[in-house]
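Trainee: Chains as they are written, first to last, in UniProt numbering: chain A, 1 to 203; chain B, 1 to 203; chain C, 1 to 203; chain D, 1 to 203.
Watch out, some of these pointers could steer you wrong.
Which copy is meant is left open, so a pair is good if it fits within one copy or across any two.
Unchecked claim - In silico lysine to any residue, SDA-like type, Cα no more than 20 Å apart, as pairs:
no., residue 1, residue 2
1, LYS54, GLY108
2, LYS68, HIS133
3, LYS26, ASN188
4, LYS65, ASN114
5, LYS53, ASN88
6, LYS8, HIS133
7, LYS45, GLU176
8, LYS68, GLN106
9, LYS26, LEU194
10, LYS54, TRP28
11, LYS45, GLU23
12, LYS68, GLN57
13, LYS179, ASN93
14, LYS32, GLN106
15, LYS46, ILE92
16, LYS32, LEU203
17, LYS65, TRP175
18, LYS54, TRP95
19, LYS65, GLY108
20, LYS53, GLY37
21, LYS179, GLN55
22, LYS32, ASN114
23, LYS54, TYR85
24, LYS65, ILE92
25, LYS8, ILE41
26, LYS46, LYS68
27, LYS68, GLY108
Derived from the structure by calculation, the hints contain no laboratory data.
There are 4 protein chains.
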Amino acid sequence: MATFQSNKKALILIDPFNDFLSEGGKLWDTVKETVIGNNMISNLKKIISECRKKQIQIIYAPHRKTQKGDYLNWNFLSPSHLGSYNLNLFEINSWGGEFHPELQPQEGDLIAQNHWTASGFANTDLDFLLKQHGINQIVLAGMRANTCIDSTARYGVELGYHVTLIKDGIGAFNWEEIKATVETNFPNYGHSLLTTEEFIASL
Amino acid sequence: MATFQSNKKALILIDPFNDFLSEGGKLWDTVKETVIGNNMISNLKKIISECRKKQIQIIYAPHRKTQKGDYLNWNFLSPSHLGSYNLNLFEINSWGGEFHPELQPQEGDLIAQNHWTASGFANTDLDFLLKQHGINQIVLAGMRANTCIDSTARYGVELGYHVTLIKDGIGAFNWEEIKATVETNFPNYGHSLLTTEEFIASL
Amino acid sequence: MATFQSNKKALILIDPFNDFLSEGGKLWDTVKETVIGNNMISNLKKIISECRKKQIQIIYAPHRKTQKGDYLNWNFLSPSHLGSYNLNLFEINSWGGEFHPELQPQEGDLIAQNHWTASGFANTDLDFLLKQHGINQIVLAGMRANTCIDSTARYGVELGYHVTLIKDGIGAFNWEEIKATVETNFPNYGHSLLTTEEFIASL
Amino acid sequence: MATFQSNKKALILIDPFNDFLSEGGKLWDTVKETVIGNNMISNLKKIISECRKKQIQIIYAPHRKTQKGDYLNWNFLSPSHLGSYNLNLFEINSWGGEFHPELQPQEGDLIAQNHWTASGFANTDLDFLLKQHGINQIVLAGMRANTCIDSTARYGVELGYHVTLIKDGIGAFNWEEIKATVETNFPNYGHSLLTTEEFIASL
């Protein structure tokens with residue numbers, strides 16, 4: 001029997017869609033202040049590139065791509081469900097529902113089932129894929145700080161993972177949301193809060 | 001406050017793929033004895049038709065459609081994972097991975113996320129969809145009796161649902177498997193075990 | 001078949017322990033500013049009393065009571081796990097691990113399994129108990145705003161529940177934490193944000 | 001980064017209560033044919049002893065100990081819930097709800113939250129405890145073959161674990177149930193089916 005714990009990391013990219021991250025995307029104007037302010041796209045590109053070099057598994061955790069019939073007759077639409085419905089956000093077979101051109105998956109990356117709400121784990125196979133790949137540490141980046149990122153981080157801890165958040169690899173609707181996640185909430189429950197530079201140096 | 005429980009049913013159709021249920025499907029020769037013996041296709045058609053008339057929600061719970069990269073580098077392939085991999089079962093974009101022509105979804109039906117293993121609930125959004133539609137009773141039919149059907153039924157009970165099994169709406173590799181589910185296991189944990197005729201009469 | 005959705009509420013009381021809410025509790029000095037500022041104990045008493053009158057189910061969702069062996073040899077202690085371990089928080093068989101004397105359960109209330117981290121749903125039977133009691137709407141109050149309350153609310157939405165937060169029925173380590181939950185985060189994903197008075201008026 | 005998967009096992013003991021395994025227990029007369037026939041108690045003692053020597057983590061996965069109020073006002077009692085209720089099975093603070101005297105936990109063993117139905121994983125912290133201890137392989141023994149054992153095994157596979165079943169470390173109401181699990185079902189989804197002797201030789 002092995003008597004030690006081998007640690008194995010994965011980078012989880014949450015919702016790097018054109019609707020969020022590209023000029024012309026449905027939410028670009030809403031998020032661009034923090035995305036540009038954090039230098040987020042450039043940071044994600046560096047992180048992805050380093051992870052590929054170091055053979056760290058990359059997993060995309062994408063939001064549901066809105067399609068005909070979605071959200072109809074639901075009992076309890078939350079504000080975020082309603083927003084997705086009204087905007088037809090990440091519409092299936094549309095440019096807005098594609099990943100940002102510079103953040104595309106490559107062969108060997110994994111793509112988890114779509115999430116309907118915020119956590120990349122809830123109602124998806126993300127935990128299962130991590131287990132089948134022997135991964136016990138997750139590194140989170142993407143959109144949106146206080147919704148999908150915060151929820152995925154919280155679920156990660158509840159599921160027994162070591163959770164790292166890249167604090168300049170995320171964006172939001174405003175700096176208040178970033179602050180709530182990075183300063184007020186994550187330090188209470190997360191394991192490691194790093195800049196892109198610190199994360200890359202740690203590999 | 002409402003002081004009573006309103007009950008609302010859904011029919012859950014598990015894996016009604018050509019690879020199982022149509023001549024020429026990859027597992028047709030393996031399952032045809034029980035599928036034909038139970039008159040399963042004809043029974044499913046009757047059930048689906050009655051459910052549509054009575055506006056009972058129909059939800060498809062489909063298995064993962066095998067695609068490039070699936071199962072690679074997994075730690076622990078189970079015999080059923082290995083079987084799916086070796087057969088390229090329910091191959092994506094293939095006829096075998098389509099639903100049987102007489103058991104096709106219609107507008108208003110729901111299709112849950114794909115399951116990797118056996119339970120239609122595990123690592124999918126099936127529980128979430130049922131909750132959003134106010135459904136607390138599930139009726140199970142499809143393939144395969146002692147794997148996907150039995151596992152989905154067990155999960156259903158653990159998740160708090162009332163679970164009905166249509167005993168002549170299922171098939172398997174042999175009658176021993178049907179017997180294990182219908183006679184030995186389900187009566188210990190399931191709520192209602194009905195023939196197609198009994199189920200339709202109960203609506 | 002019923003053609004409408006009957007709604008049924010439960011009040012979920014999270015961690016109303018002496019260690020949080022009573023003078024002399026291990027975290028009383030840390031939380032008293034917000035607990036007193038929100039008039040939280042008095043508000044919870046009113047809410048509990050009204051729920052009993054209206055026969056709304058009350059469910060306690062308590063944190064793990066620290067005992068010998070807990071957290072030993074864990075791979076990834078989060079800051080909150082470490083805090084619980086270091087303080088011997090909610091110690092089993094101690095006064096600090098009892099519920100506040102004015103917020104005691106009565107016959108007919110339910111007590112969910114203990115949670116190890118923050119969400120009252122994670123690794124517990126809370127979802128199962130709610131389903132078995134036909135409840136699809138939850139109302140949250142207790143401690144601590146940006147950890148257990150926020151996480152339980154997020155899980156509630158992911159699990160398909162309608163989620164109400166009593167904004168003056170919660171406390172935290174400081175007002176910044178309250179603000180992050182009540183102003184910045186919950187309005188994005190929660191269904192209803194009410195004062196004690198508004199909640200009681202709504203019953 | 002570690003580039004290999006270290007495997008770490010745990011022995012999961014399911015429901016080794018006096019009510020099942022001791023003369024005078026409420027279900028002893030019902031299960032004694034298979035428990036004695038499999039030489040189950042003696043086998044479990046050997047397995048536990050070997051696991052302790054090899055420092056393999058032992059985890060108890062116990063059923064809910066029936067107490068006042070349990071199962072009252074539930075929507076959907078399954079036959080097994082009803083049986084537990086009617087027999088007052090594993091009654092809290094009773095001898096029947098204690099573990100068999102020769103299968104007692106020792107310091108360093110873990111005890112998961114109680115399960116209400118059959119799977120040791122459902123609505124409990126078993127998955128979380130396994131993750132926090134870096135365990136990715138589980139070995140199952142205990143009671144009852146086609147309910148708790150089969151359900152826990154199925155959940156284990158869905159959760160990404162390697163699952164071993166000790167085929168003479170289990171009991172049931174009759175040999176038909178044992179056969180359904182050991183011959184008909186487990187070989188389709190489980191990873192390893194061993195006798196006590198084979199398991200010990202493999203350590």
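Trainee: Mind listing which of the numbered hints don't hold for this structure, in increasing order?
Mentor: Violated hints (numbers, rising): 5, 7, 9, 10, 13, 14, 15, 16, 17, 18, 20, 21, 22, 23, 25, 26; every other hint is consistent with the structure.
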